[in-house]
Amino acid sequence: MRNGIVQSIDITIATVSEPLLLESGRTLTPITVRYETYGSLNEERSNAILVLHAFSGDAHAAGYHRADDRAPGWWDTMIGPGRALDTNRFFVISSNVLGSCQGTTGPGSENPETSRPWAMSFPAITIGDMVEVQHRLVTALGIETLFAVVGGSMGGMQALEWVARYPAKVERAVLLATTTQLSAQAIAFNAVGRNAIMSDPRWNKGDYYHAEPPSQGLSVARMVGHITYLSSESMRMKFGRRIQDNDGTARDTEDQFAVESYLSYQGEKFVDRFDANSYIYLSRAMDAFDLAGSYGGLEAAFSSAETSFLIISYSSDWLFTTEQSKEIVFALARTGKEVSYTEIQSPYGHDAFLIEYELQSELISSFLRSRRITPGGR
Amino acid sequence: MRESAVAGDLIYESIVDLVEPGSAVLDLGCGDCTLLERLIQEKSARGRGVDLDARMIQECIRRGVSVFHGDLDEGLKDHPSGSYDVVILSRTMQMVHKPKFLLQEMLRVGKKAIITFPNFAYLVSRIQMGIFGRMPVNRHLPYPWYDTPNIHFFTYRDFAELCGPLGITIEKTIFLKHGKRITTPFPNIFATDICCRLSAEPSSQSI
Numbered sequence: 000m001r002n003g004i005v006q007s008i009d010i011t012i013a014t015v016s017e018p019l020l021l022e023s024g025r026t027l028t029p030i031t032v033r034y035e036t037y038g039s040l041n042e043e044r045s046n047a048i049l050v051l052h053a054f055s056g057d058a059h060a061a062g063y064h065r066a067d068d069r070a071p072g073w074w075d076t077m078i079g080p081g082r083a084l085d086t087n088r089f090f091v092i093s094s095n096v097l098g099s100c101q102g103t104t105g106p107g108s109e110n111p112e113t114s115r116p117w118a119m120s121f122p123a124i125t126i127g128d129m130v131e132v133q134h135r136l137v138t139a140l141g142i143e144t145l146f147a148v149v150g151g152s153m154g155g156m157q158a159l160e161w162v163a164r165y166p167a168k169v170e171r172a173v174l175l176a177t178t179t180q181l182s183a184q185a186i187a188f189n190a191v192g193r194n195a196i197m198s199d200p201r202w203n204k205g206d207y208y209h210a211e212p213p214s215q216g217l218s219v220a221r222m223v224g225h226i227t228y229l230s231s232e233s234m235r236m237k238f239g240r241r242i243q244d245n246d247g248t249a250r251d252t253e254d255q256f257a258v259e260s261y262l263s264y265q266g267e268k269f270v271d272r273f274d275a276n277s278y279i280y281l282s283r284a285m286d287a288f289d290l291a292g293s294y295g296g297l298e299a300a301f302s303s304a305e306t307s308f309l310i311i312s313y314s315s316d317w318l319f320t321t322e323q324s325k326e327i328v329f330a331l332a333r334t335g336k337e338v339s340y341t342e343i344q345s346p347y348g349h350d351a352f353l354i355e356y357e358l359q360s361e362l363i364s365s366f367l368r369s370r371r372i373t374p375g376g377r
Numbered sequence: 000m001r002e003s004a005v006a007g008d009l010i011y012e013s014i015v016d017l018v019e020p021g022s023a024v025l026d027l028g029c030g031d032c033t034l035l036e037r038l039i040q041e042k043s044a045r046g047r048g049v050d051l052d053a054r055m056i057q058e059c060i061r062r063g064v065s066v067f068h069g070d071l072d073e074g075l076k077d078h079p080s081g082s083y084d085v086v087i088l089s090r091t092m093q094m095v096h097k098p099k100f101l102l103q104e105m106l107r108v109g110k111k112a113i114i115t116f117p118n119f120a121y122l123v124s125r126i127q128m129g130i131f132g133r134m135p136v137n138r139h140l141p142y143p144w145y146d147t148p149n150i151h152f153f154t155y156r157d158f159a160e161l162c163g164p165l166g167i168t169i170e171k172t173i174f175l176k177h178g179k180r181i182t183t184p185f186p187n188i189f190a191t192d193i194c195c196r197l198s199a200e201p202s203s204q205s206i
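So the sequence lines, in the order shown, correspond to chains H and D.
For the first sequence, position 149 (counting from the first letter as 1) is numbered 148 according to numbering that gives the first Met the number 0, and the numbering increases by one without interruption.
For the second sequence, position 129 (counting from the first letter as 1) is numbered 128 according to numbering that gives the first Met the number 0, and the numbering increases by one without interruption.
These are calculated hints, taken from the structure and not from any lab test.
Be careful, since some hints might not be right.
DSSO-like mimics (lysine-lysine), calculated; alpha carbons at most 27 angstroms apart, straight line [to be verified]:
| no. | chain 1 | residue 1 | chain 2 | residue 2 |
| --- | --- | --- | --- | --- |
| 1 | H | 325 | D | 97 |
| 2 | D | 99 | D | 171 |
| 3 | D | 176 | D | 42 |
| 4 | D | 76 | H | 325 |
| 5 | H | 336 | D | 110 |
| 6 | H | 268 | H | 237 |
| 7 | D | 171 | D | 97 |
| 8 | H | 325 | D | 99 |
| 9 | D | 42 | D | 171 |
| 10 | H | 325 | H | 336 |
| 11 | D | 110 | H | 325 |
| 12 | H | 336 | D | 42 |
| 13 | H | 336 | D | 76 |
Next up, chain D with everything else stripped away, as it sits in the complex (with noise of 0.2 angstroms):
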């Protein structure tokens, strides 16, 4: 389900550096496992996947990580509340048919969620859409509109828009730009991937 890109990579420092050490961790849509590993090796994490794809199943089973095969759109039905530190969801959010049941659940079965998505208020994406008024084709989202696994486009501001009324609480967020972390005025129009670290209890917020 997630592009493993360089960037991808890159992503990853951000979650790891979000990530209290001993954390019990759950990585929704884990892939190879390779974020996973970093976490359990980096923060003696306590780790397990879920993936939808048998053949990423099998990889993360040769590289000795737990993982449960489960599709993300069905919710994490099977998970008891409050089983997990933290639920991590990288570069996924896009693709799930019910992004808001998701994050509910995120937060259901785990006290604290880590999301990365991409920016779709991207500047390159918004002089495509707003001057040439196309779809964004560019590095950061490749997919032409026919043929993208991306089905829901928002923003960082989107996201926080939705967060509020879920009584979620955005604890901390890195902006980052091709994997790297800008501090910028703006982020909403420089960063092309976001990354926060979110909380059902009230916090405030940190960057």
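Pulled out of the complex, with its shape left as it was, chain H reads as follows (with noise of 0.2 angstroms):
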């Protein structure tokens, strides 16, 4: 059955009185956080679940803002009435990150010393400012403890210090083709991304809110991006060596293959949508997350969490590897913690947690169903 409609919140979250201090030292203020909701808090408030959204997503995770929207929610798949994240039993909420552009405060929005926007004077922002502030968002919501906390790739980075940081408050944890700090290869296709937008002359260090936005550079960013998403079969499979309006047998200098002329569309789409700063503060605070690193190692991250684990990888994922979920898994082993893992098979690279929703929905169903056994009978 298909989602409802549903809308988007925006709560101010910091204020003068109350700013927000930054991991880098820099105070905030104020913030603005957009968010929706699906289903119900119970009178208890011990049913919500919080959605984390991966790098260029937004709040709204589920179901339609317009009865005649074209498509629902980045994850309706996997929340509604009977779905995974089951709305019916959960209250389920997904926020804006700090540092985005989608409702959220972030280099887009407007300073208040200045009355001009933020661009490059925004403060550096971490994978932890954004958690803190989703913190002040389920505190002002009435809820203490979370049953569970969902994330994909940089929303798993984000479940991750979740639970470094509030480890009673978090139930449950679903990590999603995530990691607890990025590769070498990773940081680089960030790098060339950010660089793509900061050589678009458009950019202007910045400075570009009233003027044209430096679209090109953004749309190559995202373009690169989108590369890293897939795997080598994927693209074989969804676009092999064909060309885009044609019959495969006449070539001219303006023909596009079929992998150019999605990857334009792909990078063209975004640049609606997505404020090139937002696209450098966000990928450097990916590059920086590094969860070992700030807390003295893993075990350390994880040594006082209450919270029992589902790990999810994906076999074609070459940019958040199996590899680096089987870190985590192991390093939770290591102390004693309650954790699942497994790998799914899928020719979907990346993009796999946004696609392969029927077997991960049984995972997570199962996993969020679960009752642990105890000794002596259940």
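Two chains, two frames, some hints: make the complex.
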């Protein structure tokens, strides 16, 4: 059944009297957070699940904003009545991360001191800062303990940080295609994306909010990103060496390979909804994320967690690899945590966590339904 | 990977007896985690399973038992040495490609190992092989040669002979016939299944 109409809500969680102290040491105010909720909070306030979006995601995770919307929220297959994150049972919260550009405060927001957009004067933000903002949001909603945090990719990084920061407040964590630190290869691709943006003359050191934005640079950054989200196999299956709008016989300089055309389309579509400076800030936050470095080792980061974990990796994901997931799994095992791990066989690369919803749904709903068996019977 | 027959459940009985209360247990080829559930409930064990089958993993997760997806033929390379009190391998040794390697891995990762396996020297199998000249197919070994998960055929004696040179001590052996313990003479003839607790330190065997 199709999910229904949902609404985004904006809430201010940091004011001049209560600014947010960032990991960088700077303070930030005001901070607005855009979020959506699905399902209802029970009386005990014990059924809240926080969904954490990936790099370019937003608060709109499920349902439709308008009856004639063409596409639902980004994780609509997973959230709704009877779905893995069952809204008949759970109160699901999804918010846009700090530093983004889709309702939550970021470099495109106005700096109250100058009445101009922050642009590159926006303070550096971290995954930890994003979690701090989410913690304020959740607290404002009257929730003390989360039934679960669920996130893939950069969302999984936030879930890990939640467990490390608030070990007694997260009962379950579902980590999909994620890592405790990006590989050098992943950082390299992010660097190419940032370079594409910064070398667009329209970027103008980030000061473009009253002029034409650096769409060309941002679009190239997104194209690079999309290459990393797919696998060689999924590209071969999806495009092969097909020529777009052509029977494959004639070739002239105007012809584009289908894969080229796909990347251009993704790039162009992206510039309509994303801010180039946010791309820079969020990708830097991902690059800098290092759970072991911040907490003196993974075991130390997990030591006081009262959380049980479900960790899923995807066989063809070369950006956030199975090996990186296993590092988390075995660090948790060494600290005696309840952790289940599986690798889903999928050709879809890093994007698999947004695509492989069938098996993933079964695993996640099983995990969320499970009751720990205890010595001496249930 | 494991047959879930009544005999299998009876074999679990022997395994449960051999596990010390409160142990940290790793069950290799854990299937639907029936054994782990019993160990957690009856022996206050801290249990974790490994299986290759996605459906089994889902079932373990549903039952609330920690489980890792993994291929036993790759060994236990991700598991640190000495991280479990007991590593269990039930009715699976005859199906893996490198049984000797896995046995050593089990005793690297665990302080003790418990292994159960079908005894290919069981009387009925001996008769089928020795008298009729056919590969054994019986209640205890139900598969025809061309369609069997069993790729290594060994007996209790073979197994004991392997353990010696590897410095592995068989601490305790339970002989089973269709799931029931037997204490008859010549158990290598009458046992359909063997259940052993192993350790890497020297110790005296008691039956």
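To test your reading of the hints: which numbers does this structure violate?
none
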